[in-house]
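Participant: The primary structure of each chain is shown beneath.
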Amino acid sequence: MESVQIRRSLMTRMMQIHWPLLAVMCLIIFYGSLLLYDAAGSSLDPYADRQMVRFVFGLGVIFGLAALDVKTIFRLAYPLYGISLVLLILVELKGHTAMGATRWLNIGGFRLQPSEMMKVALILALARYYHMRPLGVVSKIPYLIPPLLMMLVPFILTVKQPDLGTALLLGMMGTGIMFAAGVSWKFFALLIGGGMAAIPVGWEFFLRSYQKQRILTFLDPEADPLGAGYHIMQSKIAIGSAGVWGKGFGGGTQAHLKFLPEKHTDFIFTLMTEDFGMIGALILISLYLLLMFLCLDVALRCRNQFSGLMVIGVVLTVFLYAFINMCMVMGLMPVVGVPLPFVSYGGTALLTLMLGIGLVMNAYVNKDVNLPGAAGLSGVRGGGFIR
Amino acid sequence: MTYRPRARRLDNKPKVQQKPCAGIKLRAAFVMGLFVMAFCGLQVKLVTLGMLDGYEPAGNTIQTRLSADMRRGDIYDRNGELLATTLNTYSLYADPKTIMDVGEAVTKIAGVLPDMDTTILRDRLRRKGRFVWLRRNLTPQQAWQINALGLPGLGFRQEMARVYPHQSLLAHALGSVNNEGQGIAGVEATEEERLSQGQDVHLALDVRLQQALRDSLMETLVKTRAKAVWGISMEPDTGEIVAAVSLPDFDPNHYGSAHEEQWLNRISGGVYEMGSTFKLFTAAEMMDRKGVSPDQAYDCTSSISIGRFRIHDPYPKSRWLTLTEILRYSSNIGAARMADTLDEGEQKRFLDELHLLDRTDVGFSHVATALTPQRWKRIQTMTIAFGHGIAVSPVNMVAAVSTLVGDGNWREPSLIRDRAHAAPQRVVKPATVERMRNIMRDVVENGTATRAKVLGYDIGGKTGTAEKNENGAYLKDKHLASFVGVVPLDKPRLVTLIMVDEGYDGEKPGGGGSVAAPAFASFVRRAAPILGITPQITGDMPLVAEHPRVQRVGYETVSFNWGARR
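Just so you know, the protein sequences line up as chains Y and F, in that order. For what it's worth, the working numbering labels the leading residue of the first sequence as 1, then goes sequentially. For what it's worth, the working numbering labels the leading residue of the second sequence as 388, then goes sequentially.
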């Protein structure tokens, strides 16, 4: 059976992808492009057209990854993590500064955001780490230290950039993968307790004044309605005034009258709610849930631990992006600058997410492939395939 | 390392693997449940934001910003004369990238707008960006001419500009707006809500009377070399303020470039020790509440000493004076003697009934509160009787005098016509009104205010000269002169208060009779024909009537030398 799988042609493997999952993702992206069209004042230029170009490029990435041998990804996991880490440190040393934050590296004419790369790399590295560790040992302290270090180093580097949104995302996603890998519940109880205790310390020593300002503003946005609280206030007004059916496509007042900044990126959810109301939001949330359900289903069917955890990592990323963004625009969370997945305008985020979906596709195509190591999420142990 | 052998052992025992498998499924279900719950929570929050809260924007920041897109309401005077309006203007900008030939563009634009600096223009057109302002608020004709140049890369943005066609004539009453079109002073500020919603506002002011008052006051300002001159004119029948001028003033079209001293609205934004004009209230209270006749005599033979205070007259008569005479000669001693017969608290109650001590909001943006003595005992009652030791605002003053000479009812003064007002309140009897008119006629005919006389008009009034109080000491040579006058006395149409701050009559510090009364006369000469009051020329009067010296100071900008005064 294994030998049959190995000999599948590139084309065959490409065609074995999870079509419903691809369809759901495309639906979300098209929905997003519609909103971008509206954000530009009923014009394809300058957001929707560029987003579509990236989407086509991203589709290529998905098919390419699906066709890729899972062994290749498995082997690349640690080197990719290493490169990402080096780039993150390079950013720290001589990165391109934009809007007060150093997040980009100029490499041969195009700008690279190593923190985005790190999101993928961390998923792969943790998945590979836990692939090699049987369930019985993962909760033992010596086996907890390497994954924690893997998370902590990029976490601190991104906090320093400063990019609090990505840092939180890395931390929460890593913790989620550890949870899926079977680390004891006690560990998470301890982690949450420790995190709470660290809040005052972090406030005092790590947060920049603008980050503190955002958090304070979040706690009381009306205190500074024209300054730092402006985003949240306008966003809440826009959502609050939309009603069940919204004001119709292109009918939003707050967004169109330019009260709402960043309406095509981080605050696109607001634009959507203004135009399509509660129903529009419900549709998007349902699409996200469907996407995540399909991915989780893929994860549970994987015979090898690596693929399964990789998918979990991707699902967590999508979930965290969507959840944090929506909380942010509804004023439930401080503004941390996290885009709405597959919807917000922005090439790096879209490509990272489509790359993630590509990894899920790869896991689905290779769901029956065995890799050496611990049991896959399916619970069926494979033989020593690479061995 | 030590765990590796055990891990190997696990590999060989399929049974052990069944357990974690169940655990993993549980965890997956847990995660999915978390996702669903989180998103359901968000959806609930969304619904509450939208429907249950009915989120109301806090404060009016949103309201005013939205209304910036709406045309601001106009302001009119009582006759429908336009006082403030919003015009569409065109602002010229350029996109330097699409300008083909900068040199040509500069020459052509400078041809239409010759006052533009060509080097600055050239610099702006050579900038890197895609948008530069070239000139704000062009006239339609200028915009048309620029457009006709046919230069690519130029564009217009329509903007709204607030325009005050009467310039500084109604400066303090109208106030002005800021760059965002929000009212910041005067009626523009107090009626911001209505104006910003596009509603028009109608003022009680009459532009013609306003012009008459301003001309008279400007003439006085120049002639007496005063620091400041202000006046307010009210209809006693309605309480409406028909004219209100405070000099120095400013041009609301250029509010920002005015000096701080020019912004001060002395009509309502300041309180002053009025001096002898307050004797009107003392006399009215004596006649109305104590039944005293105008012929009742009081001992004015010598000055009064109480404790460290000494009340004396500037021009002592040194005899007994009747109530009428006390006002005619403006005797402080007489006023103090009258007030000394009042019980404690009576005086304050009467002034309260006349709303002299209120903070009356008539529609001006600056409203000052009266200063009253903390201890209001015998000595305070006696000094307040002649207007010392108490400071009130000119608006309250003119409304109180209107009560005494109108029909005995106090009416709330108003600057804005379409506003609800308090009902008239009866204060004094009609008989008292009749006596007050006679007394005020006597002051003008025989007393301190003979320079307020205008041939053919039945005028009454009362002068006031307060020594200015600086740091607790009264200054002999710095006067705040005032005159409150009524025209015509038999059926009053206007009650006018004029105040002159540190004016000079020749070389002498001016008093109410020498600087304020003539200003009133000058106003009556201008205002009476506008009001249609015909002069009554009787047989024993000279047949050649004196003509008003028409001196237009109107729109010229008088430069105030502030530096030298300070």
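Everything labelled a hint here was simulated from the structure, so no lab data went into it. Hints may contain errors.
[Claimed, not checked] Simulated pairs of lysine to any residue, SDA-like, Cα-Cα distance not exceeding 20 Å:
1. 412(F) with 199(Y)
2. 412(F) with 137(Y)
3. 764(F) with 796(F)
4. 186(Y) with 414(F)
5. 140(Y) with 199(Y)
6. 816(F) with 844(F)
7. 140(Y) with 796(F)
8. 855(F) with 736(F)
9. 412(F) with 139(Y)
10. 865(F) with 684(F)
11. 71(Y) with 16(Y)
12. 212(Y) with 199(Y)
13. 412(F) with 185(Y)
14. 412(F) with 194(Y)
15. 432(F) with 286(Y)
16. 614(F) with 865(F)
17. 186(Y) with 865(F)
[Unchecked claim] Taking beta-carbon pairs under 7 Å as the criterion, some of the chain Y residues facing chain F (in silico):
18. 23
19. 31
20. 34
21. 201
22. 289
23. 290
24. 296
25. 300
Yeah, the Cβ is synthetic: ideal placement off N, Cα and C, and Gly gets one too.
Participant: With reference to the structure, classify each hint as holding or not holding.
Facilitator: Right, here's what the structure says about each hint:
1. Proximity of residue 412(F) to residue 199(Y) is assessed by CA-CA distance (about 33 Å); at most 20 Å being required, the pair is judged violated.
2. Using a Cα cut-off of 20 Å, the hinted pair residue 412(F) and residue 137(Y) holds, with the two alpha carbons roughly 19 Å apart.
3. For a cut-off of 20 Å, the pair hint linking residue 764(F) to residue 796(F) is broken: about 28 Å separates their Cα positions.
4. A hinted pair counts as satisfied when its Cα atoms are at most 20 Å apart, and residue 186(Y) with residue 414(F) qualifies at roughly 14 Å.
5. Using a Cα cut-off of 20 Å, the hinted pair residue 140(Y) and residue 199(Y) is violated, with the two alpha carbons roughly 26 Å apart.
6. Taking the CA atoms of residue 816(F) and residue 844(F), the gap is about 26 Å. The hint is violated against a cut of 20 Å.
7. At most 20 Å may separate the alpha-carbon atoms for a hinted pair to count; residue 140(Y) and residue 796(F) exceed this at roughly 94 Å.
8. For a cut-off of 20 Å, the pair hint linking residue 855(F) to residue 736(F) is broken: about 27 Å separates their Cα positions.
9. Taken as a hint, the residue 412(F) and residue 139(Y) pair is honoured in the structure, with Cα atoms around 18 Å apart against an allowance of 20 Å.
10. A C-alpha spacing of about 32 Å is found between residue 865(F) and residue 684(F), which places the hinted pair above 20 Å, so the restraint is violated.
11. Our distance criterion of 20 Å between C-alpha atoms is met by residue 71(Y) and residue 16(Y), whose separation comes to about 18 Å.
12. Distance check on the hinted pair: residue 212(Y) and residue 199(Y) sit about 12 Å apart at the alpha-carbon level, within 20 Å; holds.
13. Distance check on the hinted pair: residue 412(F) and residue 185(Y) sit about 15 Å apart at the alpha-carbon level, within 20 Å; holds.
14. Between the alpha carbons of residue 412(F) and residue 194(Y) the distance comes to roughly 27 Å, so the proposed pair goes past 20 Å and is violated.
15. Of the pairs offered as hints, the one joining residue 432(F) and residue 286(Y) holds, with about 15 Å between alpha carbons and a cut-off of 20 Å not exceeded.
16. A C-alpha spacing of about 11 Å is found between residue 614(F) and residue 865(F), which places the hinted pair at or below 20 Å, so the restraint holds.
17. Simply put, residue 186(Y) and residue 865(F) have alpha-carbon atoms about 87 Å apart, too far for the 20 Å limit, and the pair is violated.
18. Hint status for residue 23(Y) relative to chain F: violated, with the closest Cβ pair at about 20 Å, above 7 Å.
19. Among the interface hints, the one on residue 31(Y) is violated; its C-beta lies about 16 Å from the nearest C-beta in chain F, farther than the 7 Å criterion.
20. Given the 7 Å rule on beta carbons, the hint for residue 34(Y) is violated: about 19 Å separates it from the nearest Cβ of chain F.
21. Against a cut-off of 7 Å between C-beta atoms, the interface hint on residue 201(Y) is violated, since the closest Cβ of chain F lies about 27 Å away.
22. With 7 Å as the threshold, the beta carbon of residue 289(Y) comes within range of chain F, its nearest partner Cβ sitting at about 6 Å, so the hint holds.
23. A hinted interface residue such as residue 290(Y) counts as satisfied when its beta carbon comes closer than 7 Å to some beta carbon of chain F; here the least separation is about 11 Å, so the hint is violated.
24. Given the 7 Å rule on beta carbons, the hint for residue 296(Y) holds: about 6 Å separates it from the nearest Cβ of chain F.
25. Hint status for residue 300(Y) relative to chain F: holds, with the closest Cβ pair at about 6 Å, below 7 Å.
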